[in-house]
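> Sequence:
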Amino acid sequence: MSEPTASSAADVRTAADALKAAIDAHLAAVETRSDAADPAVRTAFLAMATAAEAYDDALYDTYNEVTPFEIPSQYPESDADPDNPEAISVLIRRDYQLEHPGRLLSAARGLAAGAVDPEVDISTVAGSVAALFDVFDPDEIHNRADELGLLPGDATTWVLAADPDALAEEQWFEDPFSDADPERVVCRFDLIGDEDEEEGYFDTFAEDESEDEIDGIEVV
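Mapped onto the working numbering, the consecutive letters of the sequence shown carry residue numbers -12 to 207.
Calculated from the structure, these hints are not laboratory results. Note that the Cβ used here is the ideal one computed from N, Cα and C, for glycine as well. Accuracy of the hints is not assured; some may be wrong.
Label pairs and their computed distance ranges (CB to CB) [stated by the list, open to error]:
#, residue 1, residue 2, range
1, 159, 29, 17 to 27 Å
2, 55, 8, 16 to 26 Å
3, 22, 57, 20 to 30 Å
4, 177, 121, 19 to 29 Å
5, 105, 84, 24 to 34 Å
6, 102, 57, 15 to 25 Å
7, 51, 89, 51 to 61 Å
Generate the whole structure from the sequences, applying the supplied hints.
Shown next, in the form of structure tokens:
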């Protein structure tokens, strides 16, 4: 690779200085913002993104070097309103202990006649789990837990307000739970151990101290 000219090297230095200034300006805007939707933060964010992209381009063009920055195409804002959601995302977690691995293996072998992908090794616990979840949906697994040798533990379900436009555009499969923002919780239901009743938590009622309980649902 040829040596960079003095002018191109100077361009990289100028871009680096501009990025440093943009970082400082963004931090200052965040530190002094009036609320979560302060437009000054958005403006500073976009300016920082532009400066980072310019530095990235200059560094690569001059030195054939890259940065670790991922430049966003737009400000990551969401129109999701937990009080009046236009769309929702449901996040569910259920924990189980493998109380009877033999039952699990037996149940998987019972499905092997044609329902399970032949490439799945149902002679192992992990393969049997994969086979059962491939055939049954999570609700059926939960309802048949004892039959499958599973001991249910704690569980929680979160219903989040979602941006309908973002749902249509985002490819979230590699990181499906990154949007679990407590500020967007419409309601949640927790099942602790062997308790028969679930407790639902509605953040939309959190500020109404006159309501201690609504239709049997605990309000926080």
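> The structure should be examined with respect to each hint, and the outcome stated for every one.
To see whether the hints hold, each was checked on the structure:
{"no.": "1", "hint": "159 <-> 29: 17 to 27 Å", "verdict": "holds, 22 Å"}
{"no.": "2", "hint": "55 <-> 8: 16 to 26 Å", "verdict": "holds, 20 Å"}
{"no.": "3", "hint": "22 <-> 57: 20 to 30 Å", "verdict": "holds, 27 Å"}
{"no.": "4", "hint": "177 <-> 121: 19 to 29 Å", "verdict": "holds, 28 Å"}
{"no.": "5", "hint": "105 <-> 84: 24 to 34 Å", "verdict": "holds, 29 Å"}
{"no.": "6", "hint": "102 <-> 57: 15 to 25 Å", "verdict": "violated, 41 Å"}
{"no.": "7", "hint": "51 <-> 89: 51 to 61 Å", "verdict": "holds, 59 Å"}
Violated hint: 6 only; the structure is consistent with all others.
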